[in-house]
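Participant: Each chain, written out:
2 protein chains.
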Amino acid sequence: MLAVTVEITVRLLPIPESARLILASFPSIRDAGNAVTRLIARGIIPAGLEFMDRMAIEAAEAYAHCGYPTDAEALLLSELDGCPAEVEQQIGTTSAVFTACNARELRVARDEAERLLLWKGRKSAFPAVGRISPDYYCMDGTIPRRRLADVLERIEELSREYQLPVANVFHAGDGNLHPLILFDANHPGELERTLAMGSRILRLCIEVGGAITGEHGVGVEKINEMCVQFTEAELRQFHALKAAFDPPGLMNPGKAVPTLQRCAEFGAMHVHQGKEPFPDLERF
Amino acid sequence: MLAVTVEITVRLLPIPESARLILASFPSIRDAGNAVTRLIARGIIPAGLEFMDRMAIEAAEAYAHCGYPTDAEALLLSELDGCPAEVEQQIGTTSAVFTACNARELRVARDEAERLLLWKGRKSAFPAVGRISPDYYCMDGTIPRRRLADVLERIEELSREYQLPVANVFHAGDGNLHPLILFDANHPGELERTLAMGSRILRLCIEVGGAITGEHGVGVEKINEMCVQFTEAELRQFHALKAAFDPPGLMNPGKAVPTLQRCAEFGAMHVHQGKEPFPDLERF
Numbered sequence: 001m002l003a004v005t006v007e008i009t010v011r012l013l014p015i016p017e018s019a020r021l022i023l024a025s026f027p028s029i030r031d032a033g034n035a036v037t038r039l040i041a042r043g044i045i046p047a048g049l050e051f052m053d054r055m056a057i058e059a060a061e062a063y064a065h066c067g068y069p070t071d072a073e074a075l076l077l078s079e080l081d082g083c084p085a086e087v088e089q090q091i092g093t094t095s096a097v098f099t100a101c102n103a104r105e106l107r108v109a110r111d112e113a114e115r116l117l118l119w120k121g122r123k124s125a126f127p128a129v130g131r132i133s134p135d136y137y138c139m140d141g142t143i144p145r146r147r148l149a150d151v152l153e154r155i156e157e158l159s160r161e162y163q164l165p166v167a168n169v170f171h172a173g174d175g176n177l178h179p180l181i182l183f184d185a186n187h188p189g190e191l192e193r194t195l196a197m198g199s200r201i202l203r204l205c206i207e208v209g210g211a212i213t214g215e216h217g218v219g220v221e222k223i224n225e226m227c228v229q230f231t232e233a234e235l236r237q238f239h240a241l242k243a244a245f246d247p248p249g250l251m252n253p254g255k256a257v258p259t260l261q262r263c264a265e266f267g268a269m270h271v272h273q274g275k276e277p278f279p280d281l282e283r284f
Numbered sequence: 001m002l003a004v005t006v007e008i009t010v011r012l013l014p015i016p017e018s019a020r021l022i023l024a025s026f027p028s029i030r031d032a033g034n035a036v037t038r039l040i041a042r043g044i045i046p047a048g049l050e051f052m053d054r055m056a057i058e059a060a061e062a063y064a065h066c067g068y069p070t071d072a073e074a075l076l077l078s079e080l081d082g083c084p085a086e087v088e089q090q091i092g093t094t095s096a097v098f099t100a101c102n103a104r105e106l107r108v109a110r111d112e113a114e115r116l117l118l119w120k121g122r123k124s125a126f127p128a129v130g131r132i133s134p135d136y137y138c139m140d141g142t143i144p145r146r147r148l149a150d151v152l153e154r155i156e157e158l159s160r161e162y163q164l165p166v167a168n169v170f171h172a173g174d175g176n177l178h179p180l181i182l183f184d185a186n187h188p189g190e191l192e193r194t195l196a197m198g199s200r201i202l203r204l205c206i207e208v209g210g211a212i213t214g215e216h217g218v219g220v221e222k223i224n225e226m227c228v229q230f231t232e233a234e235l236r237q238f239h240a241l242k243a244a245f246d247p248p249g250l251m252n253p254g255k256a257v258p259t260l261q262r263c264a265e266f267g268a269m270h271v272h273q274g275k276e277p278f279p280d281l282e283r284f
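Respectively, the protein sequence lines represent chains A and W.
Every letter in the first sequence is one number past the one before it in my numbering, and letter 280, counting from 1, is 280.
Every letter in the second sequence is one number past the one before it in my numbering, and letter 56, counting from 1, is 56.
What you were told as hints is all true, and nothing was included just to trick you.
Cut-off 25 angstroms, straight-line C-alpha distance, at most; resulting in silico cross-link-like pairs (BS3-like, lysine-lysine):
| hint | chain 1 | residue 1 | chain 2 | residue 2 |
| --- | --- | --- | --- | --- |
| 1 | A | K242 | W | K255 |
| 2 | W | K255 | W | K242 |
| 3 | A | K255 | W | K242 |
| 4 | A | K255 | A | K242 |
| 5 | W | K242 | A | K242 |
These are calculated hints, taken from the structure and not from any lab test.
With the hints as extra help, turn the sequences into a complete structure.
Facilitator: What follows is the structure, given as structure tokens:
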């Protein structure tokens, strides 16, 4: 958008001395969401803190046979790393927090083989979900971690409203959601319904104080939602900034930052369908 | 420069469970510089890693009576914090690195009272130097940590060339130098010589791949050295960026980024004095 990269300097971090993984299953999404919030509030900064809901757990287990508890509504995988004594202490704190948040099963990987097996399920969750649905649409939004449970419940409501299943598997530790909307592009209208639901999820992220991007960019896919996340003044500022680096507009033209004309049309489109422009905005 | 701050969100970090301080004295500035380089290369990230040279040590000891070894050419104070077991391990690694770099005395603060006393000397170093000189000029530049020893030796050479004593006390862990040039503004010409020497130190930071600022800004004081650190194209870009946020130029006008006209005059001034514009640039 603003530059051509000609050189990259990397900062190397030492490989941690030890790493241990803890798995916890929960009877509800809300319990797992609360566990994330409370763990972070305790000052624990895990190397990984991954969330999977029932659909993601079932798909991953069927594919990777990693021993996940398939009766759980939600699962957290938390990896702690550092010097062995510190990791030991943090495993204790993490277990206590998870237990206080109604964790049903609590399992610390006994050895490196079990640690890698438990990770295998998470790492293959996306292709595993691909096996149970002809298509899926992967979202990428970010929310304040304390709103995790609220947002996951709202996504469940949207799933019912749009009649499209959703699998949730994401980086809970940094509030970065990846809802996967399952659909079949061969069914007329289903792709359109999926895209509309995806936009609702992104606007939900904005509502609760988050953003429409996590670890991926805006590109052209989420350019309309930029009209919701930012004010007219902010969008004007983005364009001025872009012009300062690229006066003739040669770098990635038309991406990431919508024109104000486009935002006006996007707002009008929603009104035309007989809805408020952004119906979710006032609800939280 | 670019905005008016109307709101600040702070990120709170938990207070570390434990903190231990280690003091090491060295027979030469080069040994202490090497110790910093090697410690960082070992992957240790101390909470504090402070460097003091002989003049700073003597001034601080005379003022704070904190038990510093006054026969040393350089002193490092390294604080490790975290969980007690990790801190213990890192104290061991730090001691080994310092010993391998010819540390003469190695002292781990026995208790909180000694830790605070050893810090007291470092923290009062600036006012302590103020007691031994009518005026001092405090620089703020940054260099790659591996060049610490080279740069400190060059500063010693500059001290002899300009006949102005220099006390060094700074944050070695992040390569942020704070040479204090001691002078007396009542002696005719001494202020001018001090400013000229300060500029040489900043240009030395640039030569070795560093920057003219560390934890403080450019303002008007270091605006000429911006002409050395950045190319004409970069300076033009800074001005374009500033204009994108502040078209009428109301915010901090004339600060931080020099006009190209000013840079031309700064270069000409050096040529006029019969020197190359920036004599240090080729030496390293």
